[in-house]
Amino acid sequence: MAKFTLNSFKHSKKERIKITMLTAYNYHTSVICDQNGVDVILVGDSLGRMVQGDCDDKSVTVTDMMYHTRIVTRGVKRAFVVADMPYGTYETPEDAVKNAKLLVNEGCADGVQVEGRHREEVVKAIVDAGIPVMGLLGMDSEKIKTLGFYSSNSSNPKEEYEEIRNCAKTLENAGCFSVLLRTIPASLGKTITADLEIPVIGIGAGRDVDGQLLMFHDMMGIIDDFTPKHVKRYAYVSQVMMQGVKAFMSDVDKKLYPTEDYEY
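The numbering of the sequence shown is our numbering, which starts it at 45 and goes up by one.
Some clues are possibly wrong.
Pair by pair, the computed Cβ-Cβ distance ranges are [stated by the list, open to error]: (1) Glu59 / Asp297: 17 to 23 Å; (2) Glu207 / Arg60: 51 to 57 Å; (3) Pro302 / Lys273: 42 to 48 Å; (4) Glu304 / Ser103: 45 to 51 Å; (5) Asp268 / Gln96: 37 to 43 Å; (6) Tyr280 / Asp98: 41 to 47 Å; (7) Gln79 / Pro201: 16 to 22 Å.
Using 30 Å as the maximum straight-line C-alpha spacing, the simulated DSS-like pairs for lysine-lysine come out as follows [claimed, not checked]: (8) Lys145 / Lys168; (9) Lys102 / Lys213; (10) Lys62 / Lys202; (11) Lys102 / Lys299; (12) Lys54 / Lys213; (13) Lys58 / Lys168; (14) Lys213 / Lys290; (15) Lys213 / Lys145; (16) Lys57 / Lys145; (17) Lys54 / Lys299; (18) Lys57 / Lys298; (19) Lys276 / Lys102; (20) Lys58 / Lys102; (21) Lys57 / Lys202; (22) Lys57 / Lys47.
By construction, these hints were calculated from the structure, which means they are not laboratory data.
Computed from a prediction, not measured in an experiment: that's the story for all the values here.
Ideal Cβ placement from N, Cα and C applies to all residues, glycine included.
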């Protein structure tokens, strides 16, 4: 299969071909995603919660992201790899460019993701440095875990929706090759998708966006203590793993493992 490129994003939007996107934090997961034809792999700062066991993502560093992005890209031949810019690493255009270059040059990412509204100056600086940028708008991950559904911070939700819509257009004008919408009303996802010429990918943004993202650990049931409303479980890996651990412990306790078949 041919490499998924920036032109592939444009082609998918034009031809209305849905884009598939999953998170990955290690080599073996990236191999599984890539060999099965996933278009985009996101090395998200969500690794703070999913891999490092932190309660949020704000402790993740650029060094963490470089390490995980580098081992993810080792398993990729086709997919477009996007690396999250961690919290606090793009407060100024200068810092943003410096850290984005680390993720691309040292982490081997194809592009970076910048979260938040009114980030056009930062986005433009990174794009001008020759690095592709995906924008991210919507509800933050801490609020998702607290509520499990979309809830506006504003006393006037329609006003906030219009702001998100305007910010999406601003990100496009600043040079983003795509925008990711996270846990927003489906109707807003549909409107923004129609507004933009670049692809709009959604995670909990309805069916009418140009592509869909799920977190690998969520969809595979690796972490099953919390399930956001938008997550569909495609496997129950944690249950299989627990059964395997219990079976191993039982075999050792009963002296059923190892048998001669497993001895040298």
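Legend entry - Pairwise hint evaluation, Lys102 against Lys58, where the allowed Cα distance is 30 Å at most: Violated, at roughly 36 Å.
Inset, instruction - For the pair we were handed, Lys145 and Lys168, check the Cα-Cα distance against 30 Å. - result: It holds: about 14 Å lies between the C-alpha atoms, which stays within 30 Å.
Legend entry - Satisfaction of the hinted span 17 to 23 Å by the C-beta atoms belonging to Glu59 and Asp297: violated, 58 Å
Inset, instruction - Could you grab the alpha-carbon distance between Lys54 and Lys213 and see if it respects the 30 Å cut-off? - result: holds, 16 Å
Inset, instruction - Given the hint of 37 to 43 Å, check if Asp268 and Gln96 actually sit that far apart at their C-beta atoms. - result: Cβ of Asp268 to Cβ of Gln96: about 18 Å, so the range 37 to 43 Å is violated.
Legend entry - Distance restraint between Lys57 and Lys47, which requires alpha-carbon spacing of 30 Å or less: holds, 17 Å
Legend entry - Lys54 paired with Lys299 [C-alpha distance capped at 30 Å]: At roughly 59 Å apart (the allowed maximum being 30 Å), Lys299 and Lys54 break the hint.
Inset, instruction - Please test the hint of 41 to 47 Å on the beta carbon pair from Tyr280 and Asp98. - result: violated, 24 Å
Legend entry - Lys102 paired with Lys213 [C-alpha distance capped at 30 Å]: Given pair Lys102, Lys213 holds - Cα atoms ~27 Å apart, limit 30 Å.
Inset, instruction - Kindly confirm whether 45 to 51 Å is satisfied by the beta carbon distance between Glu304 and Ser103. - result: Given about 48 Å between the Cβ atoms, the range holds.
Legend entry - Hint consistency between Lys102 and Lys299 [alpha-carbon to alpha-carbon, up to 30 Å]: It is violated: about 46 Å lies between the C-alpha atoms, which goes past 30 Å.
Inset, instruction - Decide if the proposed pair is consistent with the structure: Lys276 and Lys102, CA atoms, cutoff 30 Å inclusive. - result: Distance of about 26 Å is within 30 Å: holds.
In this structure, the hints that do not hold are numbers 1, 2, 5, 6, 7, 11, 14, 17, 18, 20, in rising order.
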